[in-house]
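In order, the protein sequences belong to chains W and B. Just so you know, we're using numbering that gives the first Met the number 0 here: the first sequence kicks off at 0 and counts up by one. Just so you know, we're using numbering that gives the first Met the number 0 here: the second sequence kicks off at 0 and counts up by one.
No lab work stands behind these hints: they were computed from the structure. Backbone N, C-alpha and C define an ideal beta-carbon position, used for all residues, glycine too. A hint or two may mislead.
To be verified - Here are a few chain B residues that face chain W, going by a calculated C-beta distance under 7 Å:
(1) A39
(2) T135
(3) P144
(4) I150
(5) F258
(6) A297
The chain contents come next:
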Amino acid sequence: MIVSRRETWLGRVLLILLMLVTVVPFVSLFVTALHEPGTYPSGLALPETPYWSNFVDAFTAANMGALLWSSALIELGVVPVALLIATLAGFALGHLRPPGHRAIFLTFVVGLTLPFQAVIVPLYYQMRDLGLLNTRWAIILPLIGLYMPFAVMWMRAHFVTMPEDLSEAARIDGAGTWKLFTRIHLPLSSPALSSLGILMFLWTWNQFLLAVVLVDDPAKRTMAGALGAFQGQWGTDIPLLCAGSLLILTPTLLVFLAFQRQFVSALMQGALKG
Amino acid sequence: MTDMRTALPGRREVAAPASTGLEARRRALRARRLRRGWVALGLVVPAAVFYGAFVLRPLALTVQYSFYDWNGVTASTFVGIDNYRRLLGSSETLGSIGNALELILYFSFVPVLLGLLTAATIRKFAASRLALLSRTVLFLPQVIPLVAAGIMWTWLLASDGLVNELMRAIGLGGVTRAWLGDTSTALGAVGVIGAWVALGLCMLLLLAGMTKIDPSLYEAARIDGAGAVREFVSITLPGVRQEIGVCVTVTVIAALAAFDIVYISTQGGPANSTLVPGLEIYYLGFFSREVGQASALAVVFMVLVLAVVLPVQRLTRED
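For reference, chain W alone in the conformation it holds in the complex (with noise of 0.2 Å):
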């Protein structure tokens, strides 16, 4: 296709600096992170004695290591569950598709806009009565709940679109219900459950409105959780707040850099199904 020439630098331009705009923040984040703790630094100039130590001040102040092992727990409890049980409903809706399976995904389906501030106030009671406010389960076993629309929604999709002649011929070979699952569908279902288990990830990492509800201590949140806590606290020293921001921030970039394809895949796909 021949494209002339203004255009293409146009769009080059504009891209430029639409990247800009979205890095600008980050860097400004970072050099304030560098500068005298309690001073109000401005501009982008990097402070002609860096301040490396606020990296570390934060790091005790936000008692990191504590935060950091809370996210893991959280996410340990939240993304293999949901993981496997979307995944059983999934393909049962999508492939068996029993009885009333209609029914059953319409109202999976019903929960999708859902807002979680919708059901926030009876979640935080039905908490108090299980005695379980300020334990990681109050974030853990609403998150499976929440995700299920998405995730049954997403694995049942996936199921619709594998072959029937695939199964059918395992049929007839002899494979039960459980061995067409194990054998067949779930080996061929990895990208789609990698995809699922990325955005359940980076949902759970980031979520904050249940943290902050059903959890008072920030050492047993979510990474989101804490850093509202620490804002609370350190707000005032600008500096500090940003290295502690950036602390917080840094596992979700290294994991996005590292999974890069499949995260964009996974968000322009969860955004396209949702």
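With chain W held as given, fit chain B onto it using these hints.
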């Protein structure tokens, strides 16, 4: 386990004597289908239990609480639709709903429009190295917690933050202010944060949609003498209708349900100028302990989300 059980009838079928052949086979088939149905329903149970316990039950309770006056501790009293009447008569609540609707402008229209324009201009070199790099860079705001975006931008928009500094540098020193602290600009400033988060995702989704449009359509338009604007309106826009629908749906929900960004950057202030329903539910439910009021607002809020999202879905779904 399951494979043994479902495999058994099949084996018995083979062993069955020929005289009862057809009838027995049919019965065995029906039995197997029935058993498979029960197995399938059993597989849905774990997901359904979590969904029922932590979504459907609280959802029903929200509706129930909304008809009661309850502080969460002492006994509750049934008050009918009083909570709703009070909410819809309160200027604070109406204001918060108005704010959420206004946020749609920033969270949704701005990113979708800018995304469309950018995607349309870079559509032709979507496979270049620069465009590939942009896929990574533009996704960054989607990956970080919204809380972190809020903290970053609170600092950028502060009275001696980068935004004001840039404005002073280009001679706009007269309009600088603490953007998040001024009742007339705070909502717009919160909106800017939301627009920043959504812009990259919208642009990339729309770009992905545009690369799927058949290039021969564009060639035909060029031959017919269509200009860039005409091309955009009659080929690009209809071609990405579905993607536009997705972007609008996702961003509108983000605007109406805004919580993290507002909580971090303004807490709903100054003077309630950035109060949104998502935040007000939190205040009513957990600070003033008016569980009934909070629940009634949550119901109104859900209806609002559906009322805005469903028409968008209908308009943009391909029939």
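Status of the hints after comparison with the structure:
1. A39: It holds, given that the least Cβ distance between A39 of chain B and chain W is near 4 Å, below 7 Å.
2. T135: holds, 6 Å
3. P144: holds, 4 Å
4. I150: Holds: closest Cβ of chain W sits about 5 Å from I150 of chain B, inside 7 Å.
5. F258: holds, 6 Å
6. A297: holds, 5 Å
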